[in-house]
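J.: Going line by line, the protein sequences match chains A and B.
Residue numbering for the first sequence follows our numbering, starting at 1 and increasing by one per position.
Residue numbering for the second sequence follows our numbering, starting at 1 and increasing by one per position.
Everything labelled a hint here was simulated from the structure, so no lab data went into it.
Hints should not be assumed to be uniformly reliable.
Because identical chains cannot be distinguished in the list, a pair is counted as satisfied if it fits within a single copy or across any two copies.
[Claimed, not checked] The list that follows gives simulated cross-link-like pairs (lysine to aspartate or glutamate, EDC-like), each with its CA atoms no further than 20 Å apart: (1) K85 to E122; (2) K85 to D101; (3) K58 to D22; (4) K85 to E105; (5) K85 to E61; (6) K58 to E84; (7) K58 to E69; (8) K58 to E152; (9) K68 to E79; (10) K85 to E133; (11) K68 to D5.
Number of protein chains: 2
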Amino acid sequence: MAKSDLSRRTCTVARTAEIIGDSWSQMIIHEMFLGTRRFDGMQRLTGASPHLISVRLKRLEAEGIVRKEAYSTRPLRHEYRLTEKGRDLWPVIIAMKNWGDRWMETPDATPITLTHTECGHETRPYLVCSACEAPIGAVTTRATISDEMQAERRSVLND
Amino acid sequence: MAKSDLSRRTCTVARTAEIIGDSWSQMIIHEMFLGTRRFDGMQRLTGASPHLISVRLKRLEAEGIVRKEAYSTRPLRHEYRLTEKGRDLWPVIIAMKNWGDRWMETPDATPITLTHTECGHETRPYLVCSACEAPIGAVTTRATISDEMQAERRSVLND
Chain A
1 MAKSDLSRRT
11 CTVARTAEII
21 GDSWSQMIIH
31 EMFLGTRRFD
41 GMQRLTGASP
51 HLISVRLKRL
61 EAEGIVRKEA
71 YSTRPLRHEY
81 RLTEKGRDLW
91 PVIIAMKNWG
101 DRWMETPDAT
111 PITLTHTECG
121 HETRPYLVCS
131 ACEAPIGAVT
141 TRATISDEMQ
151 AERRSVLND
Chain B
1 MAKSDLSRRT
11 CTVARTAEII
21 GDSWSQMIIH
31 EMFLGTRRFD
41 GMQRLTGASP
51 HLISVRLKRL
61 EAEGIVRKEA
71 YSTRPLRHEY
81 RLTEKGRDLW
91 PVIIAMKNWG
101 DRWMETPDAT
111 PITLTHTECG
121 HETRPYLVCS
131 ACEAPIGAVT
141 TRATISDEMQ
151 AERRSVLND
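Same shape as in the complex, but just chain A (with noise of 0.2 Å):
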């Protein structure tokens, strides 16, 4: 089966993984995060090709993640904004950097600090339970699986 058609499963991570399953769109994606909107800062900065950066930011803004504008006229340039689904990325980039700073023999334990604006306190985002409130994991959470995405794999499986 090709990567493309994790596109037409009923699992949506599958899905997802499709479009942001990459090294370098998680990239473009963190970069604008942190501010740069621009092809050559996000080629630069990413160490990826220009031809890498252009086929992922047209599939980015394909997809509704990004979009294009122009921020001069003579001559015509364009920059990079996160649209509202691309900053909706947002929880998927900072759980990469949270297990990435538990996990990574990096040279600098945390690179990169995150200051909560409302609260004013460096903070480490966690995930709760969004009907108790109270922080929540994979040993605490059952997954139920809807009867058709069962009847797609039972299919796969019986093959």
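Could you slot chain B onto chain A? The hints should help.
T.: Below, chain B without anything else, positioned relative to chain A:
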């Protein structure tokens, strides 16, 4: 710069992207959270080729995210489990799921429902500030880049 060079960055998001910034690795980890432990199930349920799954599992094992365990000795058969480091990726998968549930069009609005076993309610985990416990997002957060990471960024921008 080759993809593997992300692993040498100070930035922990880059280092994380280099390891799990790949849709098949994400799908394998997602399947493991759903309880899939055997190679055949992972291969069928993700839809990737056996070769792709095998390469990803070896990498995840080398990174200490997955461990291999014999469940039968005659014949020798293995299954795969997430380590603590692997289980700690749950927030990444949940963030992807939340985003997909909101933004991806699917035949089924919520293919996977989560229940918080501690309170017994259906849940859609969200991020809160570790200092004040209020909901937190991109707009209410400021990122401060360490001197070391700033120096690294300046050096590529001035190349």
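J.: All the hints need checking, so say for each whether the structure fits it.
T.: Evaluation of the provided hints:
no.: 1; hint: K85 to E122; result: neither (26 Å within a copy, 24 Å between copies)
no.: 2; hint: K85 to D101; result: between (26 Å within a copy, 12 Å between copies)
no.: 3; hint: K58 to D22; result: both (14 Å within a copy, 19 Å between copies)
no.: 4; hint: K85 to E105; result: between (32 Å within a copy, 13 Å between copies)
no.: 5; hint: K85 to E61; result: within (11 Å within a copy, 33 Å between copies)
no.: 6; hint: K58 to E84; result: within (17 Å within a copy, 37 Å between copies)
no.: 7; hint: K58 to E69; result: within (13 Å within a copy, 43 Å between copies)
no.: 8; hint: K58 to E152; result: neither (31 Å within a copy, 27 Å between copies)
no.: 9; hint: K68 to E79; result: within (6 Å within a copy, 46 Å between copies)
no.: 10; hint: K85 to E133; result: neither (25 Å within a copy, 24 Å between copies)
no.: 11; hint: K68 to D5; result: neither (28 Å within a copy, 28 Å between copies)
Comparing the model with each earlier hint shows violations of hints 1, 8, 10, 11; every other hint is respected.
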